[in-house]
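**Q** The lines below spell out each chain.
2 protein chains.
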Amino acid sequence: MATTGKQLFTTLDADGTLTVEVAEVSFPDPTGNQVLVKMEAAPINPSDLALLFGPADIANAECSPGKLIAKMPEPFLSGAKGRHGQRLPVGNEGAGTVVAAGDSEMAQALVGQRVACVPGTAYAQYAIADANLCLPLGDVSAEDGASAFVNPMTSLAFVECAKRDGQKAIIHAAAASNLGQMLNRICQEDGIDLVNIVRKQEQVDLLKSQGAKWVVNSSDGDFMKQLCAAIDATDAFYGFDPIGGGTTTDACFKAMERVAVSKMSEYNRYGSNQQKQMFIYGRLDLGPTILTPSYGFGWTLSGWLLTPFLATAGMETVMRMRKRVLDYLTTTFASNYKAKVTLEEMLQKDAAVEYHAMKTGEKYLITPWG
Amino acid sequence: MATTGKQLFTTLDADGTLTVEVAEVSFPDPTGNQVLVKMEAAPINPSDLALLFGPADIANAECSPGKLIAKMPEPFLSGAKGRHGQRLPVGNEGAGTVVAAGDSEMAQALVGQRVACVPGTAYAQYAIADANLCLPLGDVSAEDGASAFVNPMTSLAFVECAKRDGQKAIIHAAAASNLGQMLNRICQEDGIDLVNIVRKQEQVDLLKSQGAKWVVNSSDGDFMKQLCAAIDATDAFYGFDPIGGGTTTDACFKAMERVAVSKMSEYNRYGSNQQKQMFIYGRLDLGPTILTPSYGFGWTLSGWLLTPFLATAGMETVMRMRKRVLDYLTTTFASNYKAKVTLEEMLQKDAAVEYHAMKTGEKYLITPWG
Chain A
1 MATTGKQLFT TLDADGTLTV EVAEVSFPDP TGNQVLVKME AAPINPSDLA LLFGPADIAN
61 AECSPGKLIA KMPEPFLSGA KGRHGQRLPV GNEGAGTVVA AGDSEMAQAL VGQRVACVPG
121 TAYAQYAIAD ANLCLPLGDV SAEDGASAFV NPMTSLAFVE CAKRDGQKAI IHAAAASNLG
181 QMLNRICQED GIDLVNIVRK QEQVDLLKSQ GAKWVVNSSD GDFMKQLCAA IDATDAFYGF
241 DPIGGGTTTD ACFKAMERVA VSKMSEYNRY GSNQQKQMFI YGRLDLGPTI LTPSYGFGWT
301 LSGWLLTPFL ATAGMETVMR MRKRVLDYLT TTFASNYKAK VTLEEMLQKD AAVEYHAMKT
361 GEKYLITPWG
Chain B
1 MATTGKQLFT TLDADGTLTV EVAEVSFPDP TGNQVLVKME AAPINPSDLA LLFGPADIAN
61 AECSPGKLIA KMPEPFLSGA KGRHGQRLPV GNEGAGTVVA AGDSEMAQAL VGQRVACVPG
121 TAYAQYAIAD ANLCLPLGDV SAEDGASAFV NPMTSLAFVE CAKRDGQKAI IHAAAASNLG
181 QMLNRICQED GIDLVNIVRK QEQVDLLKSQ GAKWVVNSSD GDFMKQLCAA IDATDAFYGF
241 DPIGGGTTTD ACFKAMERVA VSKMSEYNRY GSNQQKQMFI YGRLDLGPTI LTPSYGFGWT
301 LSGWLLTPFL ATAGMETVMR MRKRVLDYLT TTFASNYKAK VTLEEMLQKD AAVEYHAMKT
361 GEKYLITPWG
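Chains A and B supply the protein sequences, listed in that same order.
Per full-length UniProt numbering, residue 1 is the first one in the first sequence, and the count goes up by one each step.
Per full-length UniProt numbering, residue 1 is the first one in the second sequence, and the count goes up by one each step.
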């Protein structure tokens with residue numbers, strides 16, 4: 001029995017041509033601990049967009065039914081040399097129904113069940129997934145379960161990291177995102193103070209309406225003052241930045257140091273002894289990260305990804321996190337989408353331009369069967 | 001008995017006027033575990049210059065005997081708000097003879113001995129120092145012992161950190177400095193591969209004449225190729241950068257990632273799994289640090305200072321490091337100076353401009369008694 005269906009692929013050629021297209025393919029039979037999932041819903045996350053489009057010029061793309069062709073600018077074209085000429089599947093996560101399974105007991109037990117999964121090939125009508133990483137959804141719909149992995153586990157992981165590092169407060173940038181709203185709920189549940197950085201008044205209002213105590217607006221003239229006040233009140237010397245480029249992380253370090261110095265009785269040429277830590281976990285801004293020499297030497301900045309975190313967190317921690325996600329999938333870990341599109345519709349210019357902008361509140365959900 | 005003598009002070013006023021002057025002062029009697037050291041030699045290190053002049057406009061300074069007045073530009077003037085109006089002593093380290101001591105046995109035992117010390121007030125004819133941190137020099141001259149602390153302990157600490165973190169190779173930038181030459185000798189003694197980054201052919205030649213195996217020249221057209229080749233051969237994914245501003249650290253991360261990706265069989269949108277770590281331990285360039293989004297998320301960049309390292313390294317490690325420095329002070333840990341100046345001479349324009357430029361091979365030594 002060969003299962004056929006549609007799947008989306010992205011190909012970047014060495015001449016800078018990016019081709020994203022829907023193709024009819026034949027899916028392999030699942031073996032061992034694999035399951036074949038009939039995919040019903042999959043979100044378009046920033047981490048998917050990095051592979052799907054990257055920083056290609058979508059505004060000037062050529063779109064035809066089921067196909068989008070755009071130009072990739074330098075230096076990103078050369079930077080992605082490793083993928084030149086390769087036809088790559090896309091889609092970290094999604095949800096659907098298990099229609100076939102390999103021999104293993106765990107895989108067989110999932111047949112007929114609706115599951116959330118992380119196949120890496122979720123933008124398709126079918127996907128082969130690892131039964132180990134499937135989350136049975138029970139009564140939860142595929143749309144509600146589609147984002148059960150990336151954002152929930154990432155936001156929970158931030159709190160895990162903070163607790164492990166002895167922190168009782170976190171700074172989060174681009175904080176009105178789906179992930180940011182989850183983090184806001186988790187922190188309230190866990191008694192962690194969260195300093196939310198947003199860039200619009202409506203995002204301040206949104207997060208405050210969801211119980212956020214500390215929301216600072218980077219578009220306000222007194223942004224640094226707001227940020228310092230929030231850090232002073234919470235002792236948040238630990239933060240996560242999905243913007244990456246520009247000065248968001250720099251502003252956090254500056255504000256942390258300003259607060260720490262204000263509590264010192266004597267001048268120290270090297271700055272405060274307060275350790276300051278930031279993590280860049282995304283690249284909403286692909287420009288360079290700018291770090292000014294204005295907060296001494298007591299700081300650490302790291303790149304952060306979910307997969308390496310999970311690999312080192314230990315099975316017990318990961319299982320506890322997964323259980324919490326499943327238990328509160330439609331409350332703490334609920335996601336919102338601006339629009340639903342098919343595989344073909346997601347390659348239409350208007351839609352592509354909109355979700356490629358990764359604006360807060362404009363996340364798309366793919367429903368590959370329409 | 002009040003001991004009087006000359007001492008150098010630096011004062012930055014809120015209006016941007018930096019005044020550095022020699023004054024006749026009265027030194028207090030040592031108490032408890034303190035000793036009074038008649039200072040005979042003290043080096044001008046970059047870490048001293050940060051406090052002495054900072055980024056003030058020395059080229060246009062007004063100099064009169066024993067006094068230098070310069071303007072401090074923004075944003076550094078505001079950034080140093082904590083010191084506005086304060087008359088601060090300068091000089092991390094130096095060497096001299098103990099002429100008086102407090103009551104403690106340890107302090108009393110040092111009377112009459114030549115010692116290296118870290119008073120923080122070394123640019124003076126006398127200084128109060130902590131007997132705990134004094135290193136008896138025996139037959140070693142004060143000039144040879146003047147730099148027994150900052151550079152030797154820092155370069156040794158880099159190797160301690162690398163070993164603790166399981167590394168067998170280190171990258172070092174501005175590698176022809178006094179500190180860099182020490183690190184080159186330590187690494188050869190300890191079997192650690194060292195990738196030296198310099199910016200002149202004569203520095204390549206200098207380090208190679210001292211046995212360095214890997215020296216790459218950032219002024220060469222094929223710098224990145226040289227750097228990648230050295231990393232490939234040594235597995236140096238761990239480095240120290242005293243430049244801070246600009247793209248030195250970025251170039252190291254890029255080269256590390258290029259080497260790691262070249263060993264991968266499959267494209268990964270997130271980059272390699274190779275952890276890459278850099279430390280900024282100085283600010284020879286006061287411009288912002290630039291980090292481009294071209295090496296995934298598997299990297300960590302930290303500020304690094306000797307004092308916090310020593311505070312966490314444990315007494316046993318620190319004692320072992322100090323013993324090694326003392327045993328090899330005139331070989332492994334020897335420093336070179338371009339010129340010797342008195343406290344008054346160091347405030348003459350030509351000298352000040354030259355040592356303020358912190359060029360490799362142009363370190364000055366202060367001999368406060370002439």
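A hint or two may mislead.
For identical chains, the list gives no copy identity; a pair is met inside one copy or between any two copies.
BS3-like, lysine-lysine: derived pairs with alpha carbons at most 25 Å apart [stated by the list, open to error]: (1) Lys81 x Lys254; (2) Lys71 x Lys81; (3) Lys263 x Lys81; (4) Lys81 x Lys225; (5) Lys349 x Lys254; (6) Lys349 x Lys168; (7) Lys208 x Lys323; (8) Lys67 x Lys200; (9) Lys81 x Lys359; (10) Lys38 x Lys213; (11) Lys38 x Lys263; (12) Lys359 x Lys349; (13) Lys6 x Lys67.
For the record, the hints were derived by calculation from the structure and aren't laboratory data.
**Q** Between the shortest in-copy and the shortest cross-copy C-alpha distance, which are at most 25 Å for Lys38 and Lys263: within, between, both, or neither?
**A** neither (58 Å within a copy, 36 Å between copies)
**Q** Between the shortest in-copy and the shortest cross-copy C-alpha distance, which are at most 25 Å for Lys6 and Lys67: within, between, both, or neither?
**A** within (13 Å within a copy, 79 Å between copies)
**Q** Between Lys208 and Lys323, at a C-alpha cutoff of 25 Å, which is it: within one copy, between copies, both, or neither?
**A** neither (28 Å within a copy, 58 Å between copies)
**Q** My question is about Lys81 and Lys254: at a cut-off of 25 Å on alpha-carbon distance, are they close within one copy, between copies, both, or neither?
**A** Cα proximity of Lys81 and Lys254: across copies only (14 Å, versus 36 Å in one copy).
**Q** State whether the alpha carbon distance between Lys71 and Lys81 is at most 25 Å within one copy, between copies, both, or neither.
**A** within (15 Å within a copy, 49 Å between copies)
**Q** Should Lys349 paired with Lys254 be assigned to within, between, both, or neither, using CA atoms and 25 Å as the limit?
**A** neither (40 Å within a copy, 34 Å between copies)
**Q** Within a copy, between copies, both or neither: which one fits Lys349 and Lys168 at a CA-CA cutoff of 25 Å?
**A** neither (44 Å within a copy, 51 Å between copies)
**Q** Regarding Lys38 and Lys213, is the shortest C-alpha distance of 25 Å or less found within a copy, between copies, in both, or in neither?
**A** neither (42 Å within a copy, 58 Å between copies)
**Q** Checking an output row: Lys263 and Lys81, CA cutoff 25 Å. Within, between, both or neither?
**A** Between copies only: 14 Å across, 49 Å inside.
**Q** If the cutoff is 25 Å on CA atoms, where do Lys67 and Lys200 land: within, between, both or neither? Let me know, please.
**A** neither (35 Å within a copy, 52 Å between copies)
**Q** Checking Lys81 and Lys359: alpha-carbon separation at most 25 Å within a copy, between copies, both or neither?
**A** So Lys81 and Lys359 fail the 25 Å test inside a copy (28 Å) and across (38 Å) alike.
**Q** Please sort Lys81 with Lys225 into within, between, both or neither, judging by C-alpha distance up to 25 Å.
**A** For Lys81 and Lys225, the Cα distance is within 25 Å only across copies (16 Å; inside one copy 43 Å).
Taken one by one, the earlier hints fail for this structure at numbers 5, 6, 7, 8, 9, 10 and 11, listed in ascending order.
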